[in-house]
Each structure stands twice: as C-alpha cells, then as structure tokens.
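Protein chains in written order, with my numbering: chain A, 2 to 253; chain B, 270 to 557.
One thing to keep in mind: the hints can contain errors.
As the list claims (entries may be wrong) - With a straight-line Cα cutoff of 25 Å, these simulated BS3-like cross-link-like pairs (lysine-lysine) come out: (1) A:Lys60 with B:Lys277; (2) B:Lys288 with B:Lys277; (3) A:Lys52 with A:Lys177; (4) A:Lys52 with B:Lys288; (5) A:Lys177 with A:Lys60.
Stated by the list, open to error - Far from chain B by the CB rule (all over 12 Å, computed), these chain A residues: (6) Phe95; (7) Ser139; (8) Leu240; (9) Ile248.
Hints in this document: simulated from the structure, not taken from any laboratory. Using N, Cα and C, we set each Cβ at its ideal position, and we do this for glycine too.
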Amino acid sequence: MSARQDSFRAALFNTGTAPPDGLTDGHGQPAGRRFAVYRNTVASSLITALKTSFPATAKTVGTGAFRQIAGTYMRQHPPTSPMMMYYGDSFPAFLRELPAVAHLRYLPDLAMLEQARREAYHAQDAPPADLAALASLSPDRLATARPGLAPALRLVRSDWPVHGIWAFNMTQAAPKPPHCAQNVLITRPAFDPEMTVIDDAMVAFVQSLAMGRTLQDATDHATAHAPSFDLGTALGPLLAGRAICHINAGDH
Amino acid sequence: MRDTHLHKHLPSAPGIGYKPQHFADISHDPNPVQWLEIHAENYMGAGGRPLAQLRHLAEIMPISVHGVGLSIGGDGPLDRDHLDRLARLCRWLNPASFSEHLAWSTHEGAFLNDLLPLPYTNATLMRVADHIDQVQETLARPMLLENPSSYLGFAESTWSEPDFLRELARRTGCGMLLDVNNVFVSAVNLDMDARAYIDAFPLDQVGEIHLGGHDEDTDDFGAPLLIDSHGREVADPVWALLDHTLHRTGPRPVLIEWDTDVPDWPILRAEAQRARTALDRLPAAVPA
Chain A
2 MSARQDSFRA ALFNTGTAPP DGLTDGHGQP AGRRFAVYRN TVASSLITAL
52 KTSFPATAKT VGTGAFRQIA GTYMRQHPPT SPMMMYYGDS FPAFLRELPA
102 VAHLRYLPDL AMLEQARREA YHAQDAPPAD LAALASLSPD RLATARPGLA
152 PALRLVRSDW PVHGIWAFNM TQAAPKPPHC AQNVLITRPA FDPEMTVIDD
202 AMVAFVQSLA MGRTLQDATD HATAHAPSFD LGTALGPLLA GRAICHINAG
252 DH
Chain B
270 MRDTHLHKHL PSAPGIGYKP QHFADISHDP NPVQWLEIHA ENYMGAGGRP
320 LAQLRHLAEI MPISVHGVGL SIGGDGPLDR DHLDRLARLC RWLNPASFSE
370 HLAWSTHEGA FLNDLLPLPY TNATLMRVAD HIDQVQETLA RPMLLENPSS
420 YLGFAESTWS EPDFLRELAR RTGCGMLLDV NNVFVSAVNL DMDARAYIDA
470 FPLDQVGEIH LGGHDEDTDD FGAPLLIDSH GREVADPVWA LLDHTLHRTG
520 PRPVLIEWDT DVPDWPILRA EAQRARTALD RLPAAVPA
C-alpha cells in the first residue's frame, strides 16, 4: 500500500508523468484522464487557498500569472498541515527569489503584508487593558510601566508604499500609491485587521514594547529616531486598535 | 459551552454546511435548517471571527464537526498534532457529531488538500480500522465514516465498498455518514447500480446523510464522468436516490453541502426545504 500512495502522490504533482499502474475505470479500461480529476483538484484547491490568503498579490500579477506562480509554489512547498488558513507562510520569501516577478520589486512585501493581516485575523483573542488604570498611574509609574501588546498586533516594514499598493488593489476609489517607503502597523480592534501607516520612530517604539521594555525606554528609543516623537500621539493607534491588553505597572 | 449538552444527537431534519457569509441569515431565521456542519480545519485558528461565530451558532443549534484533513486512509500513522487539534475542538464545542472520510490526504508530511482514494484490501482494512480506533479513543466519542466519491478503481481491491465499510463498522463500532451524491457519482463513474449499492450499505449504522451537487464531464472514451464539485443544486436523480435511502433507513439528519460558488442563503434554504419535504413524506410506518 505504501508503494501505492508513493506513486499516486508522485503522479499528482508531476503533470508530465502517466497515471500509476493498476487504476481502472470500472469498464475494464485503464483510468487514463480520470486520474486527472485528482490532479486538478489538488492543484486548484491549493492555488485557490493561496489566492484567498493573498488576494492583492494575486490581483497585482493577474489571474493567469498567479495560477502559474502559485502552481510552482505548491509543487515545491506543499502544505505540511491541513490548516489552509496558515498555508503559504513561506510564499513571500518564495516570491523574493522568483525570477519571473523580479521586476515587481514590491511584490514580496505586499505578500508579507497580506500574510501579516491573515495572522492578525486568526490570532488569539485578548481583551484590551483598562484605560482608566493607565490614566490613573503617576508619571513615575507610567514611565516604568510595561504595556503588553495584543497577540494580533503585527508590524510590516517595507521600502515600498506597501499599504498604498494594497489599498489601491483592494478598496474602491483608493488613490494611486505614493512614491515612498511605508511601515504598517496592523491591529485587530474587533474581528477585522486595521492598518495604520507609521514612521520609523513609531516602529522603534512598538518594537521596544514588543520586547517588554518600559514606556520610558520605548519613548527614548523612538526619540532617538525622531526628536519630535510624542508618546500621547504614539499611543493613539495602539489604544484605538485595542492593541494594549495589559499593563504591568512600574515599581515606584 | 453553555447549552450544548442538550445537543447530544443531530436531529433527523435538514442541516446545511455552514459558510461564514450566511452568519447573519442563519442568526436571524434558520428555518427550515435545524443543524449546521462545519469543516473542523477552518476552526483551528487561535481566535478571531471564525471561533466567535461558531461560539454563537453552537448556542442556537446542534453542530456537526466534519473533518476533511485527518487522512484516515493514509498508509502512514495519523498526524498526532492534528488529532490533538480535533480533540481540543471537540472538547471545546462538544458537538452533536464528529465525522471524517474514508480517504487519504497526507503522505510523508505533505497535505494534498483532496480526498484521495484507497484500494479495499485486507491490509487497508486493518490499517483504517486501527486509525478509527485511535480517533475514537482520542476524541472519546464514536465517529461517523463517510463513503467517498470515486473516479477510478484499483485492480488490487478485493472488497466491495459497502462490504468494506460494513466490516469497518463491525470492527470499530463507528457509524456511517452516507453521502448519497457520492454514491450516485461513483455509480455512474464506475458503472455500478446506485440502488444496489445503497441496499448493500450498512444502513443500520447511518447517523447522517450528505447531499451535494456534482458537475458532468466525460472521460477519454466518451463515457460520462461526474465530478463531486459541491458547486450547484443537488441533481434530481440524487433526490430520487435519497427517497430510496430514507425508505430503508427511516428519518435521518440530512445535510446540504455547497462548498464552491456558494449561493445566497435563499437558494440554500430552498435546498434544505426540499430535504425537509423528503423527510416529511416518509410514511409513518418507516422506523425512526
């Protein structure tokens, strides 16, 4: 039986090879293109799974090209688990090495953004922290507090206007993407991921918090990038995105 | 979860395969649908909308958990991590039913996202029976096993499919999920008599019936080749085969599956109503 499933699986992924021996059509003939039903279903179901997870990437390259790209990917990187919502983790990295899309230099980052949105969508629920508790902290204790970030929070750094390109493809009446690099903060205030374009100082701030630093440390780190960094402004998208889910108050 | 202990069995009534786009319609007025089936693998994320919707739906009607990725017919051992995920989902949800397929989909660590066929031999019988035992032990509940739709046969098969399934039920105590559309599709594709298949099936073990739409194609020799696409209405001869089946089984839970080109709710509801009618016109003498 092992040899049977070995040859079946090999023939599923090698479109040039004949179907395995010993398959019949119930009419006393070899199975022939009946085997292709399985071959087509495997390919189209995996390609559809990738298209569902990476819709802006698919739209950017066009339907036919995406089928080819995703077909190559699924043959080289078949899923390792039945959870299709996680299939394609390595798709952005695959695109980065794929000569056929080398001219679309922003494409791997666009796929990375979609991957991050998908992770945020399925991330663990976490109720937001009590804002009254944060507001009631003395300035000293606020400075040494360590906000804990929601499991759904993601940061995507890009040399391309990756948010603009996503919006241009996915939302109606979106403007043409600007000519600038964009970092994107993804939060999940309820069930749908929300995206905010943020500067390098805010990236440094959020990364510091993600590493468990105090608000003061994170602010210092961000101010080193941009002297005009303002803590109140920086907390805005995190609070609106319900992305701070607990506050370890300082020890003062 | 609250109240789900009330749903120990699926009702002998119409159910539908749940799609998230119908959440609002079902929450507002599910009639005549009385239960829902979910694909287990779509609810294995850590959180977010899918689990929140499922939590709500489980409070308003019985849920059947239908696995599509366990690869019970695989020649390797079952994926322990995946089995544990199924066990976690069933502990959390306490569904009215758990079912999986007589098929394989994982080979040497690669998941192929399709229900692939296996030959019916003594060796595969023992392996599948061992896998079913392991599933039922891990989930601490009996499972239903679904008959596949077939496009080809295996020269080495020594068992008929109904006999193979009957023997699996006898050895493991599992129940049967009888997909009547799959029977019709396999019968046309492999030149069998669909009613004879139903009559040979272990009907006393049937805990659920599936119905779905199929597409029509032809093979290399011009013979009809039906594809189990779940992308349209249930075909008329499949409804007739349902009547034939229900007259032998009595009322059973009947599920409408529609997985591709998913229609608006009124179209699904009309399919469920047709299943309701098929159940309602059973003579009273048919055993429940």
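Each hint tested on the structure:
no., hint, in the structure
1, A:Lys60 with B:Lys277, "45 Å, violated"
2, B:Lys288 with B:Lys277, "23 Å, holds"
3, A:Lys52 with A:Lys177, "23 Å, holds"
4, A:Lys52 with B:Lys288, "18 Å, holds"
5, A:Lys177 with A:Lys60, "15 Å, holds"
6, Phe95, "16 Å, holds"
7, Ser139, "34 Å, holds"
8, Leu240, "20 Å, holds"
9, Ile248, "21 Å, holds"
In summary, the one numbered hint that this structure violates is 1.
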